[in-house]
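Single-letter residue listing:
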Amino acid sequence: MIARKEYFRKSLFQEGAHLQQSEIEQIEKLGKSLNKSFLQIALNYGYMSRRAWRKALEKEKIPLYNFEYEKLVQIPKKEIIKTNLHAFLESLIFPINQTDDYLEVILSDPSDSININSIEELLGQKVDKFQVAEDLDVLKALHVTYGLDHLDKAVFGIYDQDRDSCAIETFTRSQIVFIGGVLILTLLLFFFFPIGVAIGLNLLLNAVLFFSIGFKFLLTLYGSKMETGRKINKSELDAVTNEELPFYTILLPVFKESEVIHKLVWNLKNLDYPLEKLDIKLLIESDDTMTYNAIKDMNFPCIFEPVIIPYAQPQTKPKACNYGLYFSKGKYLTIYDAEDIPDNNQLKLVYALFKKIPEEYVVIQCALNYFNKKENLLTRLFTLEYSYWFDYMLPGLDNLDVPIPLGGTSNHFRFDKLMELGGWDGFNVTEDADLGLRAYAKSYKVTVLDSTTYEEANNDFFNWIRQRSRWIKGYMQTYLVHMRAPIKLYNKIGLKGFLGFQFFIGGTFFTFLVYPILLSFLFTVVFLKTELIDYLIFWNDLTVSQDLLNGIKIFFPDWLLIISIFNFSIGNLMMIYVNMIAVFRRKSYSLILFALLNPLYWLMHSISAYKGLIQLITKPFYWEKTNHGLTKSVKNSSV
Amino acid sequence: MKKDKLSYILGFLLISSAYLLLSYWIQLRGFYNLESYFFEYKTQVITRFDSEFLRTFYFTQPGFLFIISLPFTYLWKIQGIYILNAFLIGGLTNHLFFKSIKGNPIHKSFLVYLFFSPVIVYSATSGGSLAIYLIFYFLYFSLIMKYANSLSVFHLTLLSLLVGMHVLMNGPFVKLILIAIPIFFFSGFYKAKGISGNFFNRASAIFRNASQRRKFFSEFFASVLILTFIPCVGYLIFLIINKVFAGDYHFSERSLGDSWQSYSSLLHLTSETPYIWEVLSGSSIFYLISIILIGSVAVLQLFKYDNSVSTRIAIGIILLFVLSEVLTSKITNLNLTLLSMLTGTGLASLYFSESTKSSLKSSAKFIPFLIPFLAIFFEYNYFENSIVKAERLYFDVSHNAAKNRIAESLNQSIAVFNHNGGGHVLADDAIFYPELSQLSSEFTWNGHFSPQFISALQQPELYADYLIVTKEAHPLHLYDFVATALKRLESFNAKVDYQVLYEDELIQILSIKK
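Residue numbers (the numbering used here), protein chains in the order written: chain A, 1 to 639; chain B, 640 to 1153.
Please keep in mind that the hints were generated in silico from the structure rather than gathered at the bench. Note that beta-carbon positions come from the ideal geometry of N, C-alpha and C, so glycine has one too. Careful: at least some of the hints might be erroneous.
Listed next, with one range per pair, are the computed distances between beta-carbon atoms [to be verified]:
#	chain 1	residue 1	chain 2	residue 2	range
1	A	I562	B	H1087	47 to 55 Å
2	A	L519	B	F1131	38 to 46 Å
3	A	I607	B	G955	47 to 55 Å
4	A	L519	B	F860	54 to 62 Å
5	B	I970	A	F190	44 to 52 Å
6	A	I562	B	F737	54 to 62 Å
7	A	I562	B	G833	48 to 56 Å
8	A	T530	B	N837	42 to 50 Å
9	B	N1057	A	N399	40 to 48 Å
10	B	F737	A	P194	22 to 30 Å
11	A	N550	B	E1129	26 to 34 Å
12	B	T1123	A	I562	32 to 40 Å
13	A	G551	B	H1087	31 to 39 Å
Stretch by stretch, here's where chain A covers chain B in the computed footprint (C-beta under 8 Å, at least three residues) [what the hints assert, rightly or not]:
#	stretch
14	786–793
15	949–958
16	1029–1041
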């Protein structure tokens, strides 16, 4: 325990952490302009590593305080801290014990008397004793003790603001009645008119499959029209000066990402944006000790500011991002995943585009693609999918002025509008797609930008199934949420938006669910037509297959079979073709023949869709974690 | 904006109506087109008999035209294909009209060509398949030229879709892909980044550098794959469906009733002058005159000062393609169905090719303005000397109302049938489809599509009330199944007891006594 012993910046930072005098001057200057403590700047703006700082403290023989987070309680003057939480976070000071005549704090920089004075001023009494802890520990203590109000808003913000838009309730009562009613009616009709109902259902499934895939094909075709267009040309980008650039917040939600944290720092350093105007928040779950310890032990300087999210269910990315919003100060805000490698001029491009387009545009979605596309078959197919999705389909939606379901990362927001929209729905596992629709429903617009963020393609089958089941479950959630009041939705987004929503969101998971049913049915009939079964199973000329076919024909007449085969073949052809087109924008011609394997890839989607459907009913908010850092590939620019 | 759209729609309706009126007027003056009767006949087959749609579709050439003309058949009393053609070419003319008035002075001068080109007017008003071929050619070459300019996958996909439809119209047209491949190859040299200079500089720079070379070829093959994928897989799907439902039968077969000229391609050629034989004889090069006359609008584009090199190469390749196709079979190909490819190319290169800087001296700049007038003049001469019966007839009746013996025979025979009341007719429907298509719903018949056709030929009295047969003067008399069967029965002394209801120099209508 230390009783207000004097420490000096020179001994701690210059002699202990080996910072140069010029660096110290720069940090002081930056600290003044950003109104942050010296240590915050030193640790979060790339001057000093956390390991170096710990060593400096150890060198001065300063014992480090270990928090027992479960036992932390709020002090009597808790309201002051809650109201001024930002100041305490910036100062890295946690008041641990306070009475009317006694104040004991845990702080990170014992040499920063200005900081201590400002906290004394806020609390209205002198610090009697202090102990020293690492900055991350102090931050965590502050967040888990005093961040609960923000946490509550992060989880229930959407629910409190607009209950009908929240996915906390998967099926509403009216939806259950409607789905149950349709099922009972179908069964009843099937009992009385079995053939008509079977044929009708088959036609309906075929029609939905055809229109959903046809819509995607047309979107891709429409999007390819703008293939060579640039939204911001070179001269427009060159005209942007550093002085005019606003503060830009980057949220980096991470969960058990210790493997990729060092890559993340490197990728962020490559961004062409003045560091002092970047407000980068690394969002760490308080129970994620793996990432927490990895950051604590980093032996090279970071350029992000950790935010520790107090534990609460659901443990989802949107909840983390919502929590991060309360500590963000950029005019614009974006989200990157830990392994993301954005184009280095992406933030400037977004700023230039926001300047160019009307105020009603509140989100800009950048393209996503993969840096490890050639790692294995799965990454190749995944790259093809992302290429047509972000390079062709989303620009197609953009040009048709139809709601764009946002991608998981690299969506750039006007911060004030994002707050107005209430942030993300913490209970929706594809919160980004949901947010895009909510923005559209409020007459705001979303557009796309031809700048790319490279991610790590999932290279493991089971990891891919987990990730995809979450995405498809999220699409189901989003569909159910927005279809609670279909007429209201129609009035809000108009016919074009409504149809786009049905085919793009509803059609996506529906086609994956229907695909294996139609496929197995068709294969059975075609297999029976070949009469191979007679020889393979019965070893003679029995007409078993013909007898079976005659039975099936009652429910599946020839004309319906022709329609089904045609529809199915055309559907697959269109999706294969869309995948083939996808290689052109990025000139990844070596992938073109892999597009022929798209039907297999669709079957993988179907497996995920059924997994997602089961989860939607059993554990709707469960966040299937995608493991990152499995790749052995690296993008050239990241090494 | 709204005003522009409104005037666009009004223009379309106005031009289409004008074409429709013109086609009506030309028919009043004695023009007829066997192809339009053929499509009407196929519509009758679908609606009146228990015959599957897909089967009829398989055995109708061009099938795609048959499908899209079907709705128009029920729209009005005029044959559906005339309405469809008026709308198709009306749309094309209207679109190019608006492009012309917004374009440069050369485009404006082509307004004359758009409204007075004999090829365009004929395709809009003659009731055959020419209109849809002209539209396809125009779109195809426009897209090729746009692709050569933009090198965008958007144009590539549209091209592939279009070729897919071409294959539905006419399978062998898949050859059109061959035209696109060299253009893709040569335009690929302009896509490489960081390489400038003329064509030879670019080519040598690309081939010398391994990375550029690999990129160039992978891009070229990817483009060709994208282009060929839809037609090839479309055909594959067709084969799969066929295999599942018809085994080895359908896809390799052709029926006698699947084309309006399936018996003899000579039928539609004019035979009144010895000129036709000069054109068709192996050693003669007279056929070149037809190509030059119709190709003038494309050929003259070669001399238009602002056309790019790729456009000139494209025109050259297309000319060679047309020439080789005509040489393959002058009888079937020396007509506007193929030659309109040149009209399509000419229009496409005029409106959609990349422009370069003028290299003509100012004194010679008037030449491009002469092109539309020269083209109209040459096309007029083509019609005057055409060896195709319908084309020549069109030219003749547009000058003087004419009476045609086939048309007269058709009208007379329909009058006879309607006078005598309903019944079952036995006729070779590959010859008598015009007559059969005009019969009222009281009549039914056996044709090539019918499973009882062979039995009916052996015992007509059991299967038919009426017979229609050709006489020796009819150019297709030797192909007529029913006439031959009747003669055979007579030679075996199995005489059919009949009464002649109508007779002219070409046909007989017989009523079987029961």
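Structure-based check of each hint:
Between I562/A and H1087/B the C-beta distance comes to about 23 Å, which lies outside the given range of 47 to 55 Å. Checked against the given bound of 38 to 46 Å, the beta carbons of L519/A and F1131/B, roughly 58 Å apart, lie outside it. For I607/A and G955/B, the hinted distance range of 47 to 55 Å is satisfied, since their beta carbons lie about 54 Å from each other. The hinted window of 54 to 62 Å between L519/A and F860/B is violated, with their beta carbons roughly 31 Å apart.
A C-beta distance of roughly 60 Å is found between I970/B and F190/A, which places it outside the suggested range of 44 to 52 Å. About 41 Å separates the C-beta atoms of I562/A and F737/B, a value inconsistent with the hinted range of 54 to 62 Å. The hinted range of 48 to 56 Å is satisfied by I562/A and G833/B, whose Cβ atoms lie roughly 52 Å apart. Distance hint check for T530/A and N837/B: the Cβ-Cβ separation is about 58 Å, which falls outside the suggested range of 42 to 50 Å.
A C-beta distance of roughly 57 Å is found between N1057/B and N399/A, which places it outside the suggested range of 40 to 48 Å. At roughly 56 Å, the beta carbons of F737/B and P194/A sit outside the given window of 22 to 30 Å. Restraint check, N550/A to E1129/B: a C-beta distance of roughly 47 Å breaks the suggested window 26 to 34 Å. Between T1123/B and I562/A the beta carbon distance is about 37 Å. The supplied range of 32 to 40 Å therefore holds.
Range check, G551/A to H1087/B: Cβ separation about 35 Å, and the 31 to 39 Å hint holds. Using a Cβ-Cβ cut-off of 8 Å, 4 residues of the stretch 786–793 of chain B lie near chain A, which meets the minimum of three, so the contact claim holds. A count of 0 residues in the stretch 949–958 of chain B with a Cβ less than 8 Å from any Cβ of chain A is obtained; the coverage claim is therefore unmet, three being the minimum. Counting residues of the stretch 1029–1041 of chain B whose beta carbon lies closer than 8 Å to any beta carbon of chain A gives 0, which falls below the threshold of three, so the coverage claim is violated.
In terms of the numbered hints stated before, the structure departs from hints 1, 2, 4, 5, 6, 8, 9, 10, 11, 15 and 16, listed from lowest to highest.
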